[in-house]
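Novice: What follows is each chain in one-letter form.
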Amino acid sequence: MATPVLDKADAAGQPEPGFADSPYITVTFRVRRFNPEVAAEATWEDFQLEIDPKERVLDGLHKIKWDVDGTLTFRRSCAHGICGSDAMRINGKNRLACKTLIKDINPEKPITIEPIKGLTVLKDLVVDMEPFFQAYRDVMPFLVVKETNEPTRERYQSPEDRERFDDTTKCILCAACTSSCPVFWNDGQYFGPAAIVNAHRFIFDSRDEAGEQRLEILNDRDGVWRCRTTFNCTDACPRGIEVTKAIQEVKRALITRRY
Amino acid sequence: MKIHKYDTVIVGAGGAGMRAAIEATKRSRTAVLTKLYPTRSHTGAAQGGMAAALANVEEDNWEWHTFDTVKGGDYLVDQDAAEILAKEAIDAVLDLEKMGLPFNRTPNGTIDQRRFGGHSRNHGEAPVRRSCYAADRTGHMILQTLYQNCVKEGVEFFNEFYVLDQLITEVDGVKRSAGVVAYELATGEIHVFQAKAVIYASGGTGKFFKVTSNAHTLTGDGQAAVYRRGLPLEDMEFFQFHPTGIWRMGILLTEGARGEGGILRNKDGERFMEKYAPVMKDLASRDVVSRSIYTEIREGRGCGPEGDHVYLDLTHLPPEQLDAKLPDITEFARTYLGIEPYTDPIPIQPTAHYAMGGIPTNVMGEVLADNTTVVPGLYAAGEVACVSVHGANRLGTNSLLDINVFGRRAGIAAAEYSAKADYVELPDAPESFVVEQIERLRTSTGNERVATIRRELQETMDANVMVFRTEQTIKTAVEKIAELKERYRNVAIQDKGKRFNTDLLEAIELGNLLDLAEVMAVSALARKESRGGHYREDYPNRDDVNFMRHTMAYREVGADGSETVRLDYKPVVQTRYQPMERKY
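In order, the protein sequences belong to chains A and B.
Per full-length UniProt numbering: the first sequence = residues 1 to 259.
Per full-length UniProt numbering: the second sequence = residues 1 to 584.
Think of the hints as simulated: they come from the structure by calculation, not from any bench.
Do not rely on the hints blindly, as some may be mistaken.
If we take Cβ atoms under 8 Å as the criterion, some of the chain A residues that face chain B in the derived model are [claimed, not checked]:
#	residue
1	Thr28
2	Arg30
3	Arg33
4	Glu41
5	Ile64
6	Asp69
7	Pro131
8	Gln134
9	Asp138
10	Glu147
11	Thr148
12	Asn149
13	Tyr156
We put the CB at the ideal spot given by N, CA and C, even for glycine.
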């Protein structure tokens with residue numbers, strides 16, 4: 001006997017707790033298309049598809065790519081919100097396509113899908129990530145300790161000290177925060193929230209010894225003071241990081257030099 | 001076409017690739033090629049932890065860890081390699097801590113440890129706390145920490161460069177690695193990387209299954225590239241099905257959930273693992289737990305209207321414990337199932353998770369051309385490789401360990417080799433295979449679609465070579481794969497452009513999956529015994545007399561151009577442990 005095939009899309013029967021019976025529905029994906037090999041201007045294109053509302057927006061994009069239009073281009077990998085490949089602007093808000101279920105974004109109206117803003121669009125939903133990663137690299141995103149302080153075993157860190165920077169260790173570098181920031185849209189020189197989050201992760205790590213250097217980097221005219229506290233970044237973060245709070249903590253550390 | 005020259009080229013930027021890069025960059029001019037961005041790699045999805053007998057919270061030692069690894073692998077593990085894994089585990093964890101990895105801590109500030117499947121005190125007496133962890137996002141922390149240190153060391157990355165071919169030049173009758181050919185996704189340009197040493201660290205091949213914890217991008221590209229060039233693949237019939245994937249979706253829910261006290265229950269609420277593994281219960285090894293789950297389902301004790309899953313019950317654990325130790329997986333249950341794990345059990349089913357087999361290497365990461373001959377200049381580490389430290393079934397937390405121990409070893413060995421070696425001359429027209437492959441797909445007027453063939457492949461793999469296998473089911477799969485390979489010749493893509501042509505990319509990935517699925521099925525058909533992750537209902541017992549040996553699969557091309565898989569076998573290295581009956 002073969003291993004039972006368990007993945008039947010048409011499974012019928014009584015719904016279980018948490019499994020509302022949901023027949024397929026018809027939705028419209030309104031996707032921003034751009035391919036400079038074909039045309040100089042970006043356009044909107046509508047796709048109708050049958051989809052289970054419990055499915056992800058990413059599943060819908062795959063249905064289009066695999067069954068309708070193979071030229072539709074987007075990045076994705078893990079499909080469950082861990083790798084950070086598929087940040088996009090869905091109904092005007094930055095989200096991960098793999099963490100957004102159809103039922104959670106009003107499938108009655110066309111679902112608009114655009115590339116994230118503030119980074120150059122290369123094709124359809126694919127943007128140039130290089131400026132984003134450059135800002136990340138600029139904040140010294142690594143633990144710095146004096147060579148003479150290397151212990152033979154692990155460094156000790158109390159659970160409280162470890163907890164101090166836990167929130168900012170969750171970052172997956174998807175750029176949803178940075179590309180939701182109006183300051184970043186208007187001025188590509190601003191480090192942006194993600195880079196500051198990753199600086200915070202080390203500034204507040206009790207083991208690190210380069211807090212001063214990182215603070216000086218962020219004290220720059222394109223640094224942390226450009227933040228206007230609009231909270232877009234916190235709303236956009238798919239990992240639930242309190243991004244704006246982290247930025248505020250870095251600002252406070254710059255004033256008090258205590259961290 | 002562009003030609004680049006580096007001492008060392010690393011293919012893949014997950015945990016193994018970046019751990020290798022940190023070592024290789026210090027010792028040689030190194031380039032890392034990845035078809036993604038480094039931080040997108042699937043190491044980041046690993047959750048539960050990294051095993052090492054630190055003995056921070058209770059008595060433990062590397063010998064116990066070695067034994068558990070050998071037993072967990074159902075005695076197909078090469079025991080010399082397992083000993084290295086367990087011994088070097090301790091420094092591997094300490095190295096990561098020194099690089100900045102934010103491990104969870106004990107009240108006195110040392111690295112905290114928790115229980116995990118198959119890890120025991122004193123050769124199976126009781127579960128032991130051996131897994132070093134950072135909540136349920138240990139893989140994320142490892143990936144980020146390694147990337148941070150690559151930034152610190154100035155590692156040179158070529159992001160979104162997809163390696164499509166391994167270049168081999170025969171010198172005095174010896175096959176030597178000359179470099180690789182890569183396709184630049186952004187532009188469609190072909191790049192030849194001539195290198196003294198090449199390290200494959202390109203990950204697994206889980207996407208030939210439908211229900212899988214693997215990323216869309218895990219398509220066995222490295223395995224396929226070397227296999228096509230006549231090098232063997234080892235133990236490909238051994239694939240791990242993780243017991244707790246989210247029902248129907250396959251998203252991983254860490255074994256750490258059971259390490260923290262979570263319990264598997266059938267439709268009657270029974271803790272069924274007590275029947276199958278009286279000592280380790282829910283923390284038996286993954287192959288045992290996955291078979292137990294399917295046995296419950298087949299015997300009518302599955303949950304839901306279709307009776308096609310069981311429950312992972314966390315409701316008896318304090319919400320504070322779930323928030324602190326299992327924040328991500330509880331969020332997955334809420335996001336994807338609409339279930340609150342504080343109060344409701346989570347529907348789960350086994351999910352295709354990990355390839356124990358892969359490119360055969362020795363303990364230095366050197367790739368083998370047969371049972372003993374090394375391919376000079378060619379290395380592999382991580383899931384793409386088969387050392388073999390996992391044998392017939394990998395223990396949880398041993399893969400994050402594997403990538404660090406053998407990634408480091410391969411990085412050092414490759415860089416030391418390239419410091420001494422000369423470049424091997426490139427073959428004539430080194431790019432020709434890749435150019436031909438791409439042009440054939442781009443200009444094809446066939447009527448087959450990539451997605452259709454891939455779906456049919458995944459369906460036949462799930463139905464026929466998953467947790468339970470028989471001669472008949474495997475033959476069904478072999479025949480279906482042969483049909484799909486034939487149809488693949490008529491596959492056409494819609495995107496004919498050069499810029500970010502992911503349509504083309506998926507077509508190439510599918511070709512790799514088909515080749516590897518064939519190797520897996522043919523290897524499984526010949527192994528007429530049950531061992532670890534390979535369970536044959538028609539041969540339910542382990543057969544140490546005939547099958548205590550590694551499978552070595554080679555691609556043979558006939559005079560008429562027809563391709564077949566030729567099987568050979570390699571002895572298992574045994575040092576301390578004689579095979580025993582495996583009980584948990």
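Novice: Double-check Arg30 (chain A) for me: the hint is only fine if its C-beta lies closer than 8 Å to a C-beta in chain B.
Specialist: violated (20 Å)
Novice: Quick check on the hint: Asp69 (chain A) CB to chain B CB, less than 8 Å?
Specialist: holds (7 Å)
Novice: Does Thr148 (chain A) hold up as a contact with chain B if the rule is Cβ-Cβ below 8 Å?
Specialist: violated (13 Å)
Novice: Grab the minimum C-beta distance from Arg33 (chain A) to chain B and call the hint holds if it beats 8 Å, violated otherwise.
Specialist: This hint is violated: Arg33 (chain A) lies away from chain B, its Cβ roughly 12 Å from the closest one there, beyond 8 Å.
Novice: Would the stated hint for Tyr156 (chain A) survive a check requiring a Cβ distance to chain B of less than 8 Å?
Specialist: Given a least distance of 3 Å, the restraint on Tyr156 (chain A) holds.
Novice: So, as I understand it, the hint says Gln134 (chain A) touches chain B; can you test that by seeing if any CB pair is closer than 8 Å?
Specialist: violated (11 Å)
Novice: Tell me if Asn149 (chain A) is really an interface residue toward chain B, meaning its C-beta lies closer than 8 Å to one of theirs.
Specialist: violated (10 Å)
Novice: How about Glu147 (chain A): closest beta carbon in chain B under 8 Å, or not?
Specialist: violated (11 Å)
Novice: Take the shortest C-beta to C-beta distance between Thr28 (chain A) and chain B; is it under 8 Å?
Specialist: violated (21 Å)
Novice: Holds or violated: Ile64 (chain A) as interface residue toward chain B, Cβ cutoff 8 Å?
Specialist: violated (11 Å)
Novice: For the hint on Pro131 (chain A), just tell me whether its beta-carbon gets within less than 8 Å of chain B.
Specialist: Constraint on Pro131 (chain A) not satisfied, violated at 13 Å.
Novice: Is the interface hint for Asp138 (chain A) satisfied, with its Cβ closer than 8 Å to some Cβ of chain B?
Specialist: violated (10 Å)
Checked against the numbered hints listed earlier, the structure breaks hints 1, 2, 3, 4, 5, 7, 8, 9, 10, 11 and 12; every other hint is satisfied.
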